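K.L.:
Take the two lone chains, each set in its own frame, and fit them into one complex as the hints suggest.
Given next are the chains, with one letter for each unit.
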Amino acid sequence: MTMKQWLLPGLLASTCLFSIACSAGPIENYSPVTSDRLKNPEPGNWMLYRRTYDGQGYSPLKEINTSNVKDMRPVWTFSTGVVEGHEAPPIVNNGIMFITTPMGQVIALNAKTGDEYWRYKRQLPDDLFQLHPTNRGVGLWQDKLYLATTDDHVVALDAKTGKVLWDTKVQDYKKGQYLTLMPLVVDGKVIVGGSGGELGVRGYVVAFDADTGKELWRTFTIPGPGEPGHETWTGDDWKSGGGSAWMTGNYDPETRTIYWGVGNAAPWPGDTHPGDNLYTTSVLALDPDNGKIKTHFQYHPNDSWDWDEVDAPMLVDLQRDGRTFKSLIHPGRNAIFWVLERKPDKINYVAGWPFVHTDVWKGIEAETGKPIVDPAHKPVMGKRVEFCPSLWGGKDWPSAAYSQNTKLVYVPANENFCGGFTGEKVPLVAGQLWLGTKPEDIGLKVRPGATHFGELQAWDPATGKKVWSHNFPKSHLFGSVTATAGDLVLVGGTNDRMFRAFHAKTGELLWEQKTNSGIMGMPVAYEVDGTQYIAVQSGWGVDAQRIQDALATQNDVGIENNVPQGGVVWVFAVKK
Amino acid sequence: MSSPSNKTRRTIILTALATAVHASAPRPAAAEEDPPGSDLRPQKADLLVFAEGDHAGEVIKPEDLKAGGPPVRAWPKDPKTSVVRKASRLNEVVIVKLDPAELDDDTRPRSADGIVAYSAICSHAGCPITAWVKAAQGDKEVLKCMCHNSEFDPRQGAQVVFGPAPRRLAALPLVIADGSLTIAGPFIGKTGAPQGG
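Order-wise, the sequence lines are chains A and B.
The opening position of the first sequence corresponds to residue 1 in the working numbering, with each subsequent residue numbered one higher.
The opening position of the second sequence corresponds to residue 1 in the working numbering, with each subsequent residue numbered one higher.
So that you can see chain B by itself, here it is in the shape it has in the complex (with noise of 0.2 Å):
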């Protein structure tokens, strides 16, 4: 699931902050380190890469992904840099295709071809969201946090139908643009949890 670009960005990081914590080392330095653009939440007509997998930072095609799941995990990409968006975990989606017709209204003009895309941060505890299992109440398969059992049906705009989530996952818009997977416009919805009281 690990990139190398990805462990390079951790050490930069670490040696980073070791350095910023010394108290005579110049500050600003270090944070530039990252690529610009990288912590950005996902943006307009952003690309989508895949996350993890042999595939691990290939462009996402609709052909790619299976009707009816299981959903795979992305980042956003910027199409003008080919900066990946993954310098926080807060930029993480997953990315599911559905029969149109079991889409919401709410959802559906979200969709590209039923496809969706919702936070792969659960908004309990901030847990990734890894599973697709048959919901522990109905028959369909939903999205799942294994940390606390949170479930979320991507068909009613990741509303949650079990677990102590306390609401729906942040949504990202989609359509298909000259073929690719594209993002239509930023999460709509808050990512991560409250992480108060």
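If we strip away everything but chain A, and leave its shape as in the complex, we get (with noise of 0.2 Å):
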């Protein structure tokens, strides 16, 4: 590539010369998106990446449910012509369905008949270095659509047409900066968290305007000399001390507080970078206005096992202890399941336990709720440290999901995984990756006598209490899970590419069905001229890829590593 051609981008944002929209019609009758819509959807539609702000992935629609759910049948299927990891939710507007694909296409079909009318696709650059060649979904705004690309842009698009209307770049993607979540739109801004935790970033929150794609305001995870929290780390490392932000935060409308999940600390090993290392392994609640830290919550100090808690914690009114109070759960990916308080100007511990085996915490500080490390299990410099949960966690991002009928949270973990690396000093080289250790180096090791893997959870957040779980013994689990008023609890993940329907109340499997490919995707309920539709991403591909070549290689526990990429949109309805 030459001089030039790196350079079109940035000179050529808010034209379409980069990029291809297929036009295979407009879409008319288009529903505008507002404030309003999103704070109090439809039951019938999907605008938000967990449906609603608060983050639950719970749908009020009941028509397909545990009666009827063993008659529920593929209605159509769309391949998307792309492999890799397909993580995103299908979003639906009325009718529309907006898929988002790995390499950044974006895919506008009609939801009742599975019609395409129209697809565009990022024009990525030829030397991209994507470690996650993956996209969670469009954000909505009004008649547009807001695509965060792996070559770090965030471009908004014609809902009807998908021409681009702005295209505003965030970051360097030669610097290893780049995105992959679904924007959070609240009241005209559109919100997206840089990627980059392994490549040596200082990770960042940032709001655009959605009308023109102009920089609104910019908070890096990190503080800077002379902010609250800065004292929390030593010299220099803050510049590139991780705390990436590539999930979607959750909103709190009443109080208008933004909740975002925060990323490992950079490079790996804790004794690189001491101190707590605020705001890494956090919650932040953020004021959507100006980007402002309200306050937030450290799940733990001084990561050093890559244990990113980018999935932001769901609002739930919780009634606890004899009281009701806001709450917010977040099962972590350092293996504990946390429930906190919310309130305008403080976030409180109340209660935390493990939720899978974990020998690197030894207990939580009943007052601050600060993990007790044991420090045997805690990566250093110079030696090999093993730990449980992997890197990957007790459960890493695919979303846990609160049923509003159950009161149950349904969590996609992964048990008897541990893990370890041998820290070592490896320069900071823009772009490329910077662990702390060789990446041949990290292990995935099944822990003797295992007799499963991935396990569907379903915990009582009031009392502390697992309620079930349905145990894979030769898969992990790896997908985002979705509850429904039908008391349904939806998931894919496993690596027989099922999809599958649980009881919320029992767990008892109630239906299955094979795919294309393994499901990483996010399912999602909707409802179109009054018929009730499931529908989910089918395609296989980096974590999940990465979890399965380590059981099938450097595990002897007899799992083959046979699934197959490609992405496939499935849509599921019980014949009326």
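For the record, the hints were derived by calculation from the structure and aren't laboratory data.
Note that the coordinates shown come from a computational prediction; the quantities given were computed from them, not determined experimentally.
Just so you know, not all the hints are guaranteed correct.
[Stated by the list, open to error] Cβ pair distances, simulated, as ranges:
hint, chain 1, residue 1, chain 2, residue 2, range
1, A, Asp271, B, Ile176, 39 to 47 Å
2, B, Lys190, A, Glu42, 42 to 50 Å
3, A, Trp353, B, Gly53, 45 to 53 Å
4, B, Pro194, A, Thr113, 27 to 35 Å
5, B, Ala101, A, Lys514, 45 to 53 Å
6, A, Ala462, B, Val133, 45 to 53 Å
We treat Cβ as the ideally placed atom computed from N, Cα and C, and that holds for glycine.
P.N.:
Now the structure itself:
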């Protein structure tokens, strides 16, 4: 690539010369998306990452339910023509479905028939290094869509035609900065957070004007000199200390507070960045108007395990210990199930317990909620350290769900995995991996005597009791969970390519369908013309594939490594 | 792994970009800051220099390479202008010395005394090929991309032997001329990842 070509994206912002939008026909009668519709979405729509701002991943639809789900069948499918991890929820607005795929494609489909309206293909640079070739969906506002790209742009598309309306460069992909998340849209602001925790970045959350693409504010997840929290860093470590913010935040419209998860500290071994390292592995409470940090809670200080806590906590009105309060619920990558209380100016620890086996934590300080680390299982420079769970954690980024019917939290957990690496000094080179260990040294080990790996867990956050668990003897579980008012819990995530529906109250497996590939994507429920549908993308890749490779090649557990790639949208219904 | 000149180049590019985005700035002036030829793909008669480590920037001689690996990462260098062609990461190569008897019939003619060179950029998602490890299937060591576990056998034209990569790495033919490892012709095959559907 020549310098001139390299400069084009910067020079030609807001044109569509470096993109292709193939129009099969504009969408007519598109329903503009407003603040009120995002705050109170119609039951039949799925317009935010987890359908609602509270991040619960719960649909009030119940036409498909525990009685009739056995009769659920595919009604249409659509091949995306793209490989790698299809992680996005099919976003649905009044009968129009928007799919995103790896490599920055957006496809508009008729949600009832599967007919294509248009497709946008981001033209990614030839020299782009995609550690996580994926995308998690488009944000909606008025008659526009917002796509965050792996070459680190945010692009606004006309929802009716797929034409580019504006294109804003966020940072420099050549420095390892990229975007994979679905933008959060709040009152006309398009909010994204950067990836790159393995490439020596300093993370941030940034807001753009939905109409113009103009940057409105940017809040770094690692405070600079003079800012509160900067004292938790040593020397210049903060400049490249990680804290990426690569998952969509949740939002409390009552207090106008965004809850945004922050990733691992960098490089991985904790003694390379002494201190608590705020705000890595934390949840930030942000003001959507100016990005100001209202408060925070750190899930664990001085991260040393690559335990990104980017998955934003769910906002749940919880009854516990004889009182009702506004909670934040977060099954952490660090193996701790967190129940916190959110107040306008503070986040209080309420309860925490391990939801999978861990040897890293000896307990949690009751007053502060700070976990007590066992130094024997904390990675440092110069020696190999083993720890449980693995660096993919008890639950990685795939979302848990909360059912307003059962009051239970459904967690896509992984049990019986441990990991380890040897901390090693690695020079920081912009745009290159910076882990603090050799990539080939990272291990995934199955615990001796393990009978299973993936666990779909149902927890009662009011009591801390596990109500049921469905265990997967031959697979990890790496897919987001969705709950419905029909008392269904929907999830893929396994290497047998299955999509499954469980009984939300009992955990009974009610229905399953083998698909084309493995499912990492988020299931959704929607309704068109009085019929309920369930949709999910099947398309294996990225970390689901990495764990599968490690299971098949580093552990003698009798698992074949044969999950074909290639994305397909699946839509199901019960025949009337 | 970084050399001062590399950092300088980055600074220049950033400055150039910042200037060029400004509507009133003249565009072409900025692009000329890169040494001419530094973003050209490897050319016939180019030498190879170490891309990292204590000897970064030094010309690689056949005797610098240990038989059986590990590979070294290298940039092409124009012997006439001394320009190292590192303005594009698609120019980076991995070089490994193998037993000539192990090389297949397509690979042997491109090798020099058992030394073979391939694009260092994975054909799957564009990550760097950084590892030399025992294959997931089989006993031989192979080139591996640690991002998504694709493996390439350098004895068989870097064909994919494991993982999601769709095609082999581009090969760079070598000869030994005047005692130096020298590029015998352009890349055979496509560098980089598809980045499309």
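K.L.:
If you check the beta carbons of B/Pro194 and A/Thr113, does the distance land in 27 to 35 Å?
P.N.:
Taking Cβ atoms as reference, B/Pro194 and A/Thr113 lie about 30 Å apart, which means the hint holds.
K.L.:
Taking 45 to 53 Å as the stated bounds, is the beta-carbon spacing between A/Ala462 and B/Val133 within them?
P.N.:
Holds - the Cβ-Cβ distance for A/Ala462 and B/Val133, about 48 Å, lies within 45 to 53 Å.
K.L.:
For the pair A/Asp271 and B/Ile176, does the Cβ-Cβ distance stay inside 39 to 47 Å?
P.N.:
46 Å, holds
K.L.:
Using the C-beta atoms of B/Ala101 and A/Lys514, is the stated range 45 to 53 Å upheld?
P.N.:
46 Å, holds
K.L.:
Looking only at beta-carbon atoms, does the pair A/Trp353, B/Gly53 fall within the given range of 45 to 53 Å?
P.N.:
This hint holds: roughly 47 Å between Cβ atoms.
K.L.:
Mind checking the hinted window 42 to 50 Å against the Cβ distance between B/Lys190 and A/Glu42?
P.N.:
Check passed, 48 Å falls within 42 to 50 Å.
Of the numbered hints given earlier, the model fails none.
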